[in-house]
Amino acid sequence: MLARLGFANGKTVIDQKTTVALEQEISIAKKIIVPKQAIAFSAFKIITDDTILIEPSFEIKSKDIANLLANCHLAYGFAVTIGPALEEKRNEYINEKETSRALMLDAIGSVAAEELAEITNQQIKTEAELVGSLTTMRFSPGYGNWPLNAQKDFLTWIGAQAIGIKLTPSFQMLPEKSVSAILGIYKRQAEEISRRFAPRDDK
Amino acid sequence: MNKEQFKNLLRKQVLILDGAMGTQLQKLGYLSNALAPEELNIKFPERIAELHRSYLEAGSNAVITNTFGANEKKLSDYNLQNKIEEINIAGVQIARKEAEKFNALVFADMGPVGSYLEPLGPLTFDQTYAIFAKQAKALAKAAPDAIIIETMTETRELKAALLAAKDNFNGPVIVQMTFTAEGTTVTGTDTTVFVTLMEAMGADAIGMNCSVGPAQMAVLAQKILSITKLPLSFKPNAGMPKLINRQTVFPGTADEFVSACVSAYANGAAMLGGCCGTTPEFINALSLALKGKKPVVKSVPENFFLASRTKAINLKENSFAVIGERINPTNRKQFQEELSAGNFTTLRKEARNQESAGAQLLDINMGIPGADEKVLMGKAVREIQETVQAPLCLDSSSVDALEAGLKMCAGKPLINSINGETEKANKIFTLAKRYGAAIIALASNEKGLPCDKAERLSIADSIIAQANKAGFKTSEIVFDFLMLSASAAPEQVNQTLATIMDFKKTHPENKTVLGLSNVSFGLPNRQAINSTCLSLAKEAGLTMAILNPHENWSVFDDEAKALLLGLDHGAKKYIAKHGSFKRAPVQENIKLSPDAALYGAIIDGSKETAAALAKTAIDSGLSPLEVANEIVLKALNEVGDKFETKEFFLPQVIMSAEAAQMAFGYIKPLLKKEKGFGFGKIILATVYGDVHDIGKNIVGAVLESHGWQVIDLGKNISCENIISAAKKEKPAVVGLSSLMTTTMLEMEKIIRERNSLGLAFKIMIGGAPVTKKFAIEIGADGFAKDAVEAAKVAKKLSASG
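First to last, the sequence lines map onto chains A and C. Going from the first sequence to our numbering is simple: count from 1 and add 1. Going from the second sequence to our numbering is simple: count from 1 and add 614.
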């Protein structure tokens, strides 16, 4: 959270006033954040090098996602949110010209949402490891060549509406502090095999 | 059913409540053609009747109405707010029709409003109360057997709901909170605080529902039942729900549910049922498991709790409690000025420091001549209670101020104070019962403080009699037998000590308190007397003291003792020993020149003092223009430099900007006729399709602090509206913000439109996905990666004309 606010270890000197202010906003944030997660998983087919069909009928058009899920046998999608209360409070601060409080609370909310995404990712990873599988990195709509407008179908497939996530016409998630991502599950031996036989780069 | 009948029923019978409503409706597909679950009461009542029937057939003795979200705020999300009465009454009637067939009871359900109260959210206490009152009134019309308030997470909302129910319904009110695995609600309230509040406010029963799974909830139930005699309702869910593949999955089994319920019953739970994920099968298994079982009664010790939102202290277990006295502006001119100006920095600091120094409670006194004590008390409570954990002591002679403090208080405070004046005491008893508080009672009356012990004890007894008459729990009155100055009334010290000693013998259930600072008034080395007096008072049986926790309370001085016990007439021996005592000088703040003080306030981000310091600087002879340019802007430039070297990070920059804004708030009207300040107008907007605006607001704060007149159009602003505003306002610069790759392209559209219309203003852009390269590509005049750079770029663009 400090790094997000521009803190540089060894350089930035935080005075007591700012420390207290940060602690106060953290205290408020802890009270009003309501973390929720929705998870979906399914088998899938890679139809072409940029088209994946996730069962039953969710299609992704993205070369990056096709590459991500190659060698995987399951696709997992998740959506997490910390709820709307934090950004409502932040907006209240903005209206009251308490800009520094809004800034701090906003940063706390962003960190909380990312942490929630990380926790969810870890839960999926742990479940996968129990059955001898591994997880890929996670990938979100709007990154690489997976367009942001894919968010609509992606969130429907996950069932994110049930945890209160909506989309604006420009595909921004509301509440703002929400994260969605896809990752793949692959069997350990596939990974080891691919490592053993993957062509080396000739130098 | 009235409250007495409810109590008697629970003495004879364990009540099996019903199971989940919402998740069953979802499972059965009954929500598909309704806006809100509660709408089914008027749209498809037969579905709700079916659900009630299924639970009654499974063995429920009481069903809970389908009115959880039937309050004005929640119904307005679905445009059903005009049907509040209809939906609530129908909900009770549907339940009653089915329950009658089984001789079962109907509990009318009220759930949370859906928004937090200030300071966590936007609603005031009164607004929240009004929302609950409307629903309670409607429910009461249909005559349920009880009102059950469920799934509460925040104590002030809880208080508003309970008061609204009690004010509009004569029957029993059950109140439930929902707890996490950590044993607190999401807002940090634990089970002990919950019990403390509900006992103080007169709930007829308390309980828990949902959230943490059955086994963990049973552990919390045991905790609650060990400290309260109130009947407990226990409604766990079927485990923590997971949303997997668009289905809500409750992992818990009926076995786990019944096991937890039986455990709760064995500890004394009187009403048992299920929440989310439970089904008629769960309830059937439960009713069979508890068939014929009688209520378990356990003995519970008497407690005396006070609480904040997050912490309860038991004065019965505390041998001695300290109330910090420092939040009191009496004789503290600067503190008074700060509070009157809405500056609560010192207030918060005093609260934190006293708690760190060991104060278990914090006295809050906001009596400032000429100030609105009612407003100040409410604000002070709001500022402090999110900063510290200690319960509060609301100190005021104004009933209105006390009520304002009580409404704002998230816990159960102490009220300081009443005395033998009957009329005012009765008002405060009423307030204390209504909002949940204990009371300090002074052993004085309209005639003043009696001289002797007998009269003081007599006043105490009359206060107790009055409390009994008012229905206030007398063991929660803390008596203050008042300590006068030893120099002015030496014989009174002994009277006070003797009164405390006697009172302890005759009223062992009552606590006593003293404010100690007065005893040493007029004498040297005051702390020696204060501390010695405290020791003597503790020996006599004193259990609480209002004092400055930063002082040294371990001192015991023989001369002070002799003085206090009346053995040192004229304080001769005491003065002989301590007469030349000089208190260690408080380190004086180095007096800064007005310009240095203001400069420092901007650097430090002290917005509370900036306007006053700007005034001082101008009063000292500096022109407003000098103050603006040579002090405020110069300080901001230094802040900008510190930000670039990373000595400062963003919150510090913004705090400095806010301080500068406050200073300019004073300076600007004086600058009207002066030239040489400010850069003109700038319009800021987040582009169409984008609803992020925190970055833009930060830029706006920094620009304003640099003297720009910022016209903030807001977020999701179309090209047309931006151009239209620019034509009207003729700014030097327009700043565009975007936080999404999909909305960045709007910036190019605006630049093209400006160019095609030949408009003169410059355009600078910024936002997370925006780069310098992109800015050049689309023909923007400037790019800023952060708020500090935005100020520099805007200045440069303005100068380039």
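No lab work stands behind these hints: they were computed from the structure. The beta-carbon is built from N, C-alpha and C at its ideal position, and this holds for glycine as well. Check the hints yourself; a few may be wrong.
Computed list of chain C residues with no C-beta within reach of chain A, every gap over 12 Å [said to hold, decoys possible]:
| # | residue |
| --- | --- |
| 1 | Arg923 |
| 2 | Val1169 |
| 3 | Lys1187 |
| 4 | Glu1360 |
Part of the chain C face toward chain A, derived, beta carbon under 7 Å [unchecked claim]:
| # | residue |
| --- | --- |
| 5 | Thr738 |
| 6 | Pro855 |
| 7 | Asn859 |
| 8 | Leu1264 |
| 9 | Gln1266 |
Straight-line distance between alpha carbons at most 30 Å, and here's what the computed DSS-like set of lysine-lysine pairs gives [what the hints assert, rightly or not]:
| # | chain 1 | residue 1 | chain 2 | residue 2 |
| --- | --- | --- | --- | --- |
| 10 | A | Lys31 | C | Lys856 |
| 11 | A | Lys98 | C | Lys1344 |
| 12 | C | Lys963 | A | Lys12 |
| 13 | C | Lys856 | A | Lys126 |
| 14 | A | Lys98 | C | Lys988 |
| 15 | A | Lys62 | C | Lys856 |
| 16 | A | Lys167 | C | Lys641 |
| 17 | A | Lys98 | C | Lys697 |
| 18 | C | Lys856 | A | Lys98 |
| 19 | A | Lys12 | C | Lys1399 |
| 20 | C | Lys641 | C | Lys626 |
| 21 | A | Lys46 | C | Lys856 |
Hints and how they fare:
1. Arg923: violated, 8 Å
2. Val1169: holds, 30 Å
3. Lys1187: holds, 45 Å
4. Glu1360: violated, 10 Å
5. Thr738: This hint is violated: Thr738/C lies away from chain A, its Cβ roughly 13 Å from the closest one there, beyond 7 Å.
6. Pro855: violated, 10 Å
7. Asn859: holds, 5 Å
8. Leu1264: holds, 5 Å
9. Gln1266: Cβ of Gln1266/C sits 6 Å from chain A, so the hint holds.
10. Lys31/A with Lys856/C: holds, 22 Å
11. Lys98/A with Lys1344/C: With Cα atoms ~25 Å apart, Lys98/A and Lys1344/C stay inside 30 Å; holds.
12. Lys963/C with Lys12/A: Holds, at about 27 Å.
13. Lys856/C with Lys126/A: Holds, because 16 Å separates the two Cα atoms, which is no more than 30 Å.
14. Lys98/A with Lys988/C: Within the cut-off at roughly 24 Å; holds.
15. Lys62/A with Lys856/C: The given pair, whose Cα atoms are some 28 Å apart, holds under the 30 Å limit.
16. Lys167/A with Lys641/C: holds, 22 Å
17. Lys98/A with Lys697/C: Violated, at about 38 Å.
18. Lys856/C with Lys98/A: violated, 39 Å
19. Lys12/A with Lys1399/C: This hinted pair holds, its Cα atoms lying about 20 Å apart.
20. Lys641/C with Lys626/C: violated, 36 Å
21. Lys46/A with Lys856/C: At roughly 26 Å apart (the allowed maximum being 30 Å), Lys856/C and Lys46/A satisfy the hint.
In terms of the numbered hints stated before, the structure departs from hints 1, 4, 5, 6, 17, 18 and 20, listed from lowest to highest.
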